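Protein sequence lines correspond, in order, to chains A and F.
Residues in the first sequence are numbered from 1 upward in steps of one, following this note's numbering.
Residues in the second sequence are numbered from 1 upward in steps of one, following this note's numbering.
Calculated from the structure, these hints are not laboratory results.
Just to be clear, a hint being listed does not mean it is correct.
[Unchecked claim] Using 25 angstroms as the maximum straight-line C-alpha spacing, the simulated PhoX-like pairs for lysine-lysine come out as follows:
no.	chain 1	residue 1	chain 2	residue 2
1	A	56	F	98
2	F	98	F	159
3	A	56	F	68
4	F	89	A	56
[As the list claims (entries may be wrong)] Pairwise CB distance ranges, derived in the manner of DEER restraints:
no.	chain 1	residue 1	chain 2	residue 2	range
5	A	80	F	249	45 to 55 angstroms
6	A	56	F	75	17 to 27 angstroms
7	F	71	A	74	17 to 27 angstroms
8	F	78	A	80	31 to 41 angstroms
Here the structure is a predicted model, which means the values were calculated and not measured.
Yeah, the Cβ is synthetic: ideal placement off N, Cα and C, and Gly gets one too.
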Amino acid sequence: MFLASLAALATEVAESDPTDINPVVPDEIGEIFWGAIAFFGLWILMRYVLLPPLLKIRADRRNQEISDLQAASAADEAAEQVRRDYDVTLAEANSEANDIIAEARAAAEHERGEIVVAADSEIASERQAAMAELDSQRSSAVSELGDDVADLAVAAASKVMDASLDEPIHRSTAANYVEDAR
Amino acid sequence: MFAALSNPAILLASEEGGGGVEFPPINLIVKWPAAFGEGTFYGFNKIALISMIAMIVPVILFLIAGRKASVVPRGIQNVMEVSVDFIEKQVVLPAIGKDGMRYLPMLMSMFFFIWIGNLFEIIPTSHMPANARMANPIMLAMVAWVMFIGVGVKHHGLKYFKDALFPPGVPKALYLLVTPIEFLSTFLIRPFSLAVRLFANMLAGHILLVTFSVLTITLFGAGILAIAGVLSFGMLVAFTAFEFMVAFLQAFIFSLLTAVYIGGALHPAH
Numbered sequence: 001m002f003l004a005s006l007a008a009l010a011t012e013v014a015e016s017d018p019t020d021i022n023p024v025v026p027d028e029i030g031e032i033f034w035g036a037i038a039f040f041g042l043w044i045l046m047r048y049v050l051l052p053p054l055l056k057i058r059a060d061r062r063n064q065e066i067s068d069l070q071a072a073s074a075a076d077e078a079a080e081q082v083r084r085d086y087d088v089t090l091a092e093a094n095s096e097a098n099d100i101i102a103e104a105r106a107a108a109e110h111e112r113g114e115i116v117v118a119a120d121s122e123i124a125s126e127r128q129a130a131m132a133e134l135d136s137q138r139s140s141a142v143s144e145l146g147d148d149v150a151d152l153a154v155a156a157a158s159k160v161m162d163a164s165l166d167e168p169i170h171r172s173t174a175a176n177y178v179e180d181a182r
Numbered sequence: 001m002f003a004a005l006s007n008p009a010i011l012l013a014s015e016e017g018g019g020g021v022e023f024p025p026i027n028l029i030v031k032w033p034a035a036f037g038e039g040t041f042y043g044f045n046k047i048a049l050i051s052m053i054a055m056i057v058p059v060i061l062f063l064i065a066g067r068k069a070s071v072v073p074r075g076i077q078n079v080m081e082v083s084v085d086f087i088e089k090q091v092v093l094p095a096i097g098k099d100g101m102r103y104l105p106m107l108m109s110m111f112f113f114i115w116i117g118n119l120f121e122i123i124p125t126s127h128m129p130a131n132a133r134m135a136n137p138i139m140l141a142m143v144a145w146v147m148f149i150g151v152g153v154k155h156h157g158l159k160y161f162k163d164a165l166f167p168p169g170v171p172k173a174l175y176l177l178v179t180p181i182e183f184l185s186t187f188l189i190r191p192f193s194l195a196v197r198l199f200a201n202m203l204a205g206h207i208l209l210v211t212f213s214v215l216t217i218t219l220f221g222a223g224i225l226a227i228a229g230v231l232s233f234g235m236l237v238a239f240t241a242f243e244f245m246v247a248f249l250q251a252f253i254f255s256l257l258t259a260v261y262i263g264g265a266l267h268p269a270h
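Build the full structure now, drawing on both the sequences and the hints.
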């Protein structure tokens, strides 16, 4: 039955107009021949000539990316280490600077104290000298003033009493007065 | 060159005096005379020329790309590397896996050969996709068929056929039903469907473009109906763009399905 159908179909195809083609059936063997040559040629070239350079350069790029990433990672780690070292150095420098400042401050404070003490001492001695000088000058002035006052008092009394007074006696009286008044 | 390999331009359909649309017979839009070797196995016609160009173009592109390949890709190297990445990431790895990289050259060749052959559908002066003829699709489908069966036998021996025809886990009584279905679907229908899918899509697109071309020419010579010709011409342009996409899509689908079949033969458990 099936074979009979096929035979009938074959007869029908054989008797049909050769210009009526069935597009599903490849009727030009040359198209398959040249198509196969082209495709297998392309396949062979692709396998051995065309793809390898691109695959190699892609692999090289991938390796370079990996090595660059590793280098970048190492550089990043080194930079981090440098930053940590810098922080440590900075902290040490800050600590040292603080120590130096504290020492300098203490030394300055000490020196200031010494200077102040020396100045106070000098001022005290100068003041003492000045006071002694002042006392001496005052004593001298008072002594001179006592003599002058006694002379003036005697002279004044003489004028008032219109008589000569015993100068030595009255001078000693005036001197005693001045001494009491001091 | 294409004109020399083409039939006489008989697509002008309007008869003198305005006699309506006369569509050319199918053999006149898909069958081409040979430049030499007519009737022999090496008969070289328009389809053969397109096939050769579909081989030469990727060869030239890849040679230029690989000649001064640098770690930092530029120009054509960049484009070709993108194409390699595309086939690798969209076809090979999802369908086969890492051990499918050995099939990359074949799948790349398949993709470019089909794609460029299809593109001639919309290239002026050619307007004929190589795969609108059954020759290349059936040849490529046979390659895919031999490849996936070969891969299966190479990796699993004759157990490949046993696993393919008698899937494990199926009740034995059902093998009466399952085995013939598996035999037909895996070993007969697969290559046939691969070939017909590609061929039918490209032939349909080709006929569509011819139809709108004939319609546009006819309407532009039909007086007041020339207004409708503008619409027909717009459709022709739109379908040309659509066929540009179909050309790529069919090449991708064919390559992907081939990879899926190879992956299935390589890893039957998946």
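Do the hints match the structure? See the list:
{"no.": "1", "hint": "56(A) x 98(F)", "verdict": "17 angstroms, holds"}
{"no.": "2", "hint": "98(F) x 159(F)", "verdict": "23 angstroms, holds"}
{"no.": "3", "hint": "56(A) x 68(F)", "verdict": "12 angstroms, holds"}
{"no.": "4", "hint": "89(F) x 56(A)", "verdict": "17 angstroms, holds"}
{"no.": "5", "hint": "80(A) x 249(F): 45 to 55 angstroms", "verdict": "51 angstroms, holds"}
{"no.": "6", "hint": "56(A) x 75(F): 17 to 27 angstroms", "verdict": "18 angstroms, holds"}
{"no.": "7", "hint": "71(F) x 74(A): 17 to 27 angstroms", "verdict": "21 angstroms, holds"}
{"no.": "8", "hint": "78(F) x 80(A): 31 to 41 angstroms", "verdict": "36 angstroms, holds"}
Hint violations for this structure: none, all hints satisfied.
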